[in-house]
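There are 2 protein chains.
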Amino acid sequence: MSDTERLPQPATADIDLVTVLHALGDPVRMTLLLSYADGAEHSCDPHGLGLDHLHKSTVSHHMRVLREAGVTTTRVAGRNRFVSLRRTDLDARFPGLLDALLPAAAS
Amino acid sequence: MSDTERLPQPATADIDLVTVLHALGDPVRMTLLLSYADGAEHSCDPHGLGLDHLHKSTVSHHMRVLREAGVTTTRVAGRNRFVSLRRTDLDARFPGLLDALLPAAAS
Numbered sequence: 001m002s003d004t005e006r007l008p009q010p011a012t013a014d015i016d017l018v019t020v021l022h023a024l025g026d027p028v029r030m031t032l033l034l035s036y037a038d039g040a041e042h043s044c045d046p047h048g049l050g051l052d053h054l055h056k057s058t059v060s061h062h063m064r065v066l067r068e069a070g071v072t073t074t075r076v077a078g079r080n081r082f083v084s085l086r087r088t089d090l091d092a093r094f095p096g097l098l099d100a101l102l103p104a105a106a107s
Numbered sequence: 001m002s003d004t005e006r007l008p009q010p011a012t013a014d015i016d017l018v019t020v021l022h023a024l025g026d027p028v029r030m031t032l033l034l035s036y037a038d039g040a041e042h043s044c045d046p047h048g049l050g051l052d053h054l055h056k057s058t059v060s061h062h063m064r065v066l067r068e069a070g071v072t073t074t075r076v077a078g079r080n081r082f083v084s085l086r087r088t089d090l091d092a093r094f095p096g097l098l099d100a101l102l103p104a105a106a107s
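Chains A and B, in that order, give the protein sequences. Anchor point for the first sequence: position 71 equals 71 in the numbering used here, and the numbering is continuous, going up by one each time. Anchor point for the second sequence: position 52 equals 52 in the numbering used here, and the numbering is continuous, going up by one each time.
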């Protein structure tokens, strides 16, 4: 994706299981995961993510943890940033993990 | 198991996904999970768990986190305590999760 600017993220082969589990072992970040599970890009607006009760900087912190763990990717477009799940990368790295996690988290 | 004394642990229905992920999002606790993956009971001796480099109280702390999250059960027999994985309970609560986690963690 040379024509797309992205915030720093680990290469697929460098995504670490313990780091991913730590990233997802938090209720706010699990809420974000469920939002991103649709595969679409999401803006960083806390309102659109159902996180109105949190300060924007808190939401940004949680997004950063997810991105640095390799769970999400962030595309930069001017002043906007769009976050999406690295579904293909995670499925390749840890087969079956998201398939097990997402239904369990949504129930 | 009325004839067996166990340390406190959540009922199967009360095992919380985020709490489990938080418990497993730590390298020492992931090492313990891999030891317990054989389904057998294990003593709390750090040496037998390949954790000689850690103080016994540190290992005890990590074991407590796993037990309180519902990942393990601890049977008390006199002065001895034996820890094992709650495989059946976890498989019932979060189908496919351990099946995905254990191979990924072992690789």
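Treat the hints as calculated values from the structure; they're not laboratory data. Built from N, CA and C at the ideal position, the CB exists for glycine as well. Any given hint could turn out to be false.
[To be verified] Listed below are several chain B residues computed to face chain A (Cβ distance under 8 Å; list not exhaustive):
(1) L21
(2) D26
(3) C44
(4) A77
(5) L90
(6) D99
For each hint, the structure was consulted:
Restraint check, B:L21 versus chain A: the minimum CB separation of about 4 Å is within 8 Å; hint holds. For B:D26, the interface hint holds, the least distance from its beta-carbon to any beta-carbon of chain A being 7 Å, beneath 8 Å. Below 8 Å, beta-carbon pairs count as interface contacts, and B:C44 has none with chain A, the closest being about 22 Å; its hint is therefore violated. About 31 Å separates the beta-carbon of B:A77 from the nearest beta-carbon of chain A, more than 8 Å, and the hint is not met.
With 8 Å as the threshold, the beta carbon of B:L90 stays out of range of chain A, its nearest partner Cβ sitting at about 10 Å, so the hint is violated. With its C-beta approaching chain A no nearer than about 6 Å, B:D99 sits inside the 8 Å limit, and its interface hint holds.
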